[in-house]
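Trainee: As a plain string of letters, each chain reads:
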Amino acid sequence: MEFSKFLNSSSKLNIILIVSFSISVNSFILFPNINNSFYVLFHLTFIYIIFYHYHYYLYVVSLIYGILFDILLLNNIGAHLITFLSLLILFILLRKYLIRLSSHQIIFIYFITLIVMLLIEQFLANLIHNYIFNMSSFFNFFLISLIIFIPTVFLLTKLDK
Amino acid sequence: MAPKFQIKAFQISSLVKNFIIISIVTLSFLLVFFSKSDLYLINGIKNISSSVIIPITKVISAPINAFSNFVDEYNQFRSLKFENKILQEEIIRLKKWQTLAIQNSRENKVLKKLLNATDNNLILIKTASLINRNDTIYSKLINLNAGYEDKIKKNMSAINERGLVGKVIDTTSNNSRVILLTDPNLSIPVKSISDGIFSLLTGKGDGKYLVSSFVKENKMPRLGDIVVTSGTAQIFPVDLLVGKVTKVEKNRFFVLPFVDFENIDYVQIVTSK
Numbered sequence: 004m005e006f007s008k009f010l011n012s013s014s015k016l017n018i019i020l021i022v023s024f025s026i027s028v029n030s031f032i033l034f035p036n037i038n039n040s041f042y043v044l045f046h047l048t049f050i051y052i053i054f055y056h057y058h059y060y061l062y063v064v065s066l067i068y069g070i071l072f073d074i075l076l077l078n079n080i081g082a083h084l085i086t087f088l089s090l091l092i093l094f095i096l097l098r099k100y101l102i103r104l105s106s107h108q109i110i111f112i113y114f115i116t117l118i119v120m121l122l123i124e125q126f127l128a129n130l131i132h133n134y135i136f137n138m139s140s141f142f143n144f145f146l147i148s149l150i151i152f153i154p155t156v157f158l159l160t161k162l163d164k
Numbered sequence: 011m012a013p014k015f016q017i018k019a020f021q022i023s024s025l026v027k028n029f030i031i032i033s034i035v036t037l038s039f040l041l042v043f044f045s046k047s048d049l050y051l052i053n054g055i056k057n058i059s060s061s062v063i064i065p066i067t068k069v070i071s072a073p074i075n076a077f078s079n080f081v082d083e084y085n086q087f088r089s090l091k092f093e094n095k096i097l098q099e100e101i102i103r104l105k106k107w108q109t110l111a112i113q114n115s116r117e118n119k120v121l122k123k124l125l126n127a128t129d130n131n132l133i134l135i136k137t138a139s140l141i142n143r144n145d146t147i148y149s150k151l152i153n154l155n156a157g158y159e160d161k162i163k164k165n166m167s168a169i170n171e172r173g174l175v176g177k178v179i180d181t182t183s184n185n186s187r188v189i190l191l192t193d194p195n196l197s198i199p200v201k202s203i204s205d206g207i208f209s210l211l212t213g214k215g216d217g218k219y220l221v222s223s224f225v226k227e228n229k230m231p232r233l234g235d236i237v238v239t240s241g242t243a244q245i246f247p248v249d250l251l252v253g254k255v256t257k258v259e260k261n262r263f264f265v266l267p268f269v270d271f272e273n274i275d276y277v278q279i280v281t282s283k
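Here the protein sequences come in this chain order: A and B.
The first sequence begins at 4 in my numbering and counts up one residue at a time.
The second sequence begins at 11 in my numbering and counts up one residue at a time.
Source of the hints: derived by calculation from the structure; they are not laboratory data.
Check before you lean on any hint, since a few could be wrong.
Pairwise CB distance ranges, derived in the manner of DEER restraints [said to hold, decoys possible]: (1) LYS15(A) to PHE208(B): 37 to 43 Å; (2) LYS214(B) to PHE54(A): 37 to 43 Å; (3) TYR276(B) to PHE54(A): 26 to 32 Å; (4) ASN155(B) to LEU146(A): 55 to 61 Å.
With a straight-line cut-off of 30 Å between C-alpha atoms, the simulated DSSO-like cross-links for lysine-lysine are [to be verified]: (5) LYS164(A) to LYS106(B); (6) LYS229(B) to LYS95(B); (7) LYS106(B) to LYS95(B); (8) LYS15(A) to LYS218(B); (9) LYS106(B) to LYS99(A); (10) LYS95(B) to LYS15(A); (11) LYS218(B) to LYS161(A).
Note that CB positions come from ideal geometry on N, CA and C, so glycine has one too.
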């Protein structure tokens, strides 16, 4: 608790990003769903930071994580980098409309953004790098998103106070 | 004077911010555009990610790794008695085979001497152990603890005691990255042992099976046939064991690799003579 006083919300969220990134790029043969869950958690936290803690440094963060995810998971730069930067740009364009929405509508958009992001990544991986669009893998991500969405939002809002 | 100065300062910082954003977006598009090329920058990024980022992520994910290892060891311990029984039976069976193999080996040596043939076509470069794997989401890649300082180069083949594991796609001074056979982006030229049918295999995408993407003259191999590398693309050495034909359809066939990709600890990096 004492340690957490030294960290502001943004730092805590960035720590979650680093941890979830590290776990999602290291495969655990016995528990492949751990990788998938932390991969979804990374996306959830990233969207949360964009929605509630938007700052220009996020472009650098997107660039770094986009490149690293692409190189470690696909061995070629593309799908993640494009998706992360597009989300940031889209957020700036739609920010004035998002502010007017109620909290329930925001939560709904938050979930839709997550699913669309995961879908676009798979689609771009297929388009740019010829990775087979795997419906079962996407369904797995969707199921994990459904399960962890509410607890994660609760945890993030608690951390964010 | 003060408010004027503030407005000017704000404008400059906003300009700088916009410039940084445009630079980042431009850089991203250039990186995406040139990502498949052999540019120094791209190679540098790949090198940093495998020699710096992977060890850091490994340290951060150490608790989960420890838990995974603990569960694995517990499962192994539970099945110890059963495995012991199987192994005892296997030892008896292998002893019979060993006697036969020694006889065949002697016979082989004599015949090779008579034919003036060379022993095999492989040069062992290095035996390396696995440091981490990225084969759950998207691609099927593993990272090894040996790099170009150990004379490992791009496109060399990785094998283990069961057969072909994959191909080296990146090397740094002390690390190298291997793409597994099961990756959909790797094509392996193979031939069937019994009929000598030439074909190209790629990963099916499920991480288990390989599927033919091209079959020469559309001749299908038989069910249960063993396929080995044909050596035609000159990337893989000839006659490395790949797998067994498990399903044959009208225009394609499926192969189950001999290598158990979930239990790779060590691989040998080899090249043809």
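Trainee: Against this structure, judge whether each hint is valid.
Mentor: Here is what the structure says about each hint:
no.: 1; hint: LYS15(A) to PHE208(B): 37 to 43 Å; result: violated (58 Å)
no.: 2; hint: LYS214(B) to PHE54(A): 37 to 43 Å; result: holds (38 Å)
no.: 3; hint: TYR276(B) to PHE54(A): 26 to 32 Å; result: violated (46 Å)
no.: 4; hint: ASN155(B) to LEU146(A): 55 to 61 Å; result: violated (36 Å)
no.: 5; hint: LYS164(A) to LYS106(B); result: violated (71 Å)
no.: 6; hint: LYS229(B) to LYS95(B); result: violated (43 Å)
no.: 7; hint: LYS106(B) to LYS95(B); result: holds (18 Å)
no.: 8; hint: LYS15(A) to LYS218(B); result: violated (39 Å)
no.: 9; hint: LYS106(B) to LYS99(A); result: violated (79 Å)
no.: 10; hint: LYS95(B) to LYS15(A); result: violated (52 Å)
no.: 11; hint: LYS218(B) to LYS161(A); result: violated (42 Å)
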